[in-house]
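Q: Assemble the dimeric complex from its two separately framed chains, guided by the hints.
Protein chains in written order, with the working numbering: chain A, 1 to 228; chain B, 1001 to 1080.
Do not take every clue at face value.
To give an idea of the interface, some chain A residues facing chain B are shown, with a C-beta separation under 10 Å as derived from the structure [unchecked claim]:
1. G39
2. G58
3. R62
4. I66
5. G104
6. V105
7. R107
8. S111
9. I115
10. F152
What the hints contain is simulated information worked out from the structure, not anything from laboratory work. C-beta: ideal position from N, C-alpha, C; glycine also.
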Amino acid sequence: MPEVRPRVGVLVFPGSNDDRDAAWALQALGAEPVLVWHGERELPALDAVVLPGGFSYGDYLRCGAIARFAPAMESVASYAANGGLVLGICNGFQILCEAGLLPGVLRPNASLSFICRDVRVRVERTDTHLTSRCGPGQVLTIPVKHGEGCYFPPPDLPEDQVVLRYVTGDNPNGSVDDIAGIVSESGNVVGLMPHPEHAVDPLLGSADGALLLASLLDAARERHFVGA
Amino acid sequence: MKATVLVRPKQGILDPQGQAVESSLRQLGFSVADARVGRVIDLEVEADSPAAARAEVERMCERLLANSLIESYEIDVGDA
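With the rest of the complex left out, here is chain B (with noise of 0.2 Å):
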């Protein structure tokens, strides 16, 4: 089963990679108000139901795929 995590910095964490984007956006004539820069995990994990994959997800996140003090994640969990 597929599952994707999306890994962002929480609010008000100094983004510094988002200062760079968001300043790179700026010069090349963009108009950007901000620019936060996260992290995709695109996962195949073998579970018996989608409930389950989430599960399982989520304790990948708790334990390694993010850092609960600075950043955030979600979790998508899809069939095919």
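Just chain A, with the same shape it has in the complex (with noise of 0.2 Å):
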């Protein structure tokens, strides 16, 4: 029996520049990627959705802040709120976190520069869909490119939502208490700042991102099996 290939939605917004990198690294890891633009009131089936990176937009107002409002967004949302796994990349994560999928805001750094380098996260739990192949307290090296990464929490935040932290000294933005990624109280949504999608190929500097967006893969195809 051939591999599930899992369906994994990548939405597409105006301004959206790694649809097509989170794309094809879906698909080197065996999912069947399939972009929808940001204007579709409906998504197709699909055991995953990704918001990727990019500058939806323009970044205006808040980044992020606008294209929560995208006509997708709604069917995100509900996507979400019937158990559909979510990850939010970068301005993907920013778009999550002002749609109240995720709690909390990302502002803009603290050196106020746009940074673009590799960084180290600890991974801090292992049972959600983006960590399951890794182990506990696994450092990655990921690359980030941001502008706006600051992370700030809700000030009762549990601490079991957060998924990955920058191993102290390798803060690249300010975030408070290092955090880099963090889980919904739900457990299906997920969002980091650094781009997974960008290190699945030694060739790239680092495979590490693999292991996040394979562990994304392994829970869709268990999502495909229960939703055939």
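A: As structure tokens, then:
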């Protein structure tokens, strides 16, 4: 029996620029990526949804603040409410926060500089659909590239919603408590600032991102069978 | 009816733009203890009364113009 290729939707907003990289990486890892235009009101049948990086709507007002009202985001919200797997990367993380699907908000980097470099992040939880292939406390090398990645949590964010932390001394943007990635209370929505899709081949400097995306695909395959 | 929204970073929220402005002002010789940078949004709204305009702009702030986790806002409604 051929291995199931889970169908993963990759949303495309005006100003997304990592949509094709995300689709390429997902395909390389065994998924069938489906690009979904932001103007679509209904999602096709999907086993997971990825909101990619970029600068949707030029980051006007606040990053992600306008994209959250795109027609497709209503469907993403109901998809998430029904337990669907959602992953937001960089701008996708910002959009999920603005949409209220994840707690907190991303602010301009403390340095005010755009930062593009590899960072080291520590896996704080291995029981999420982003980290199931990682070991507890495993340190991953994954690039960031953002101007607004300073995560500000709500005052009552439970510690167990933190999935990834920048290794001490390697916090690139001033994020509170070195937080690099979080999971929703419901457990099915995850967002992170680093770009796993840019780290899926040793040729690119690191293949650690593949662990995260392959974890997502493991979970998406399980959903595929449940949904079928 | 004209309305103006003033959006500010809340107290205690790191404001790197404000810090950069503050340090620039100091370099220019000004004596500044603190600077915070917000945003002004001028609107032209259709409403029957100033109170109705204010209520409408407040909804705009809650939905889009401000993020209540990190920002506060003030609304000024004028006739003109």
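Q: Is the hint on I66 of chain A kept, meaning its closest Cβ partner in chain B is under 10 Å away?
A: holds, 8 Å
Q: Does the CB of R107 of chain A sit less than 10 Å away from some CB of chain B?
A: holds, 7 Å
Q: Given R62 of chain A as an interface hint, is the shortest Cβ-Cβ distance to chain B below 10 Å?
A: At about 6 Å, which falls below the 10 Å cut-off, the nearest Cβ of chain B leaves the hint on R62 of chain A intact, so it holds.
Q: Let's test the interface hint: is any C-beta of chain B closer than 10 Å to that of V105 of chain A?
A: Holds. Min distance 5 Å.
Q: Given a cut of 10 Å on the nearest C-beta pair, is the interface hint for G58 of chain A held or broken against chain B?
A: Interface hint status for G58 of chain A: violated (15 Å vs cutoff 10 Å).
Q: Interface hint check: S111 of chain A, Cβ to nearest Cβ on chain B, cutoff 10 Å. Holds or violated?
A: holds, 7 Å
Q: Next item in the hint list is G39 of chain A. Is there a CB on chain B closer than 10 Å to its CB?
A: Since the shortest Cβ distance to chain B is 19 Å, the answer is violated.
Q: Using Cβ atoms only, decide whether I115 of chain A comes closer than 10 Å to chain B, and label the hint accordingly.
A: violated, 13 Å
Q: Does F152 of chain A meet its interface restraint, that is, does its C-beta lie within less than 10 Å of any C-beta in chain B?
A: This interface hint holds because 6 Å falls under the 10 Å limit.
Q: Answer holds if the nearest beta-carbon of chain B is closer than 10 Å to that of G104 of chain A; otherwise answer violated.
A: holds, 7 Å
In terms of the numbered hints stated before, the structure departs from hints 1, 2, 9, listed from lowest to highest.
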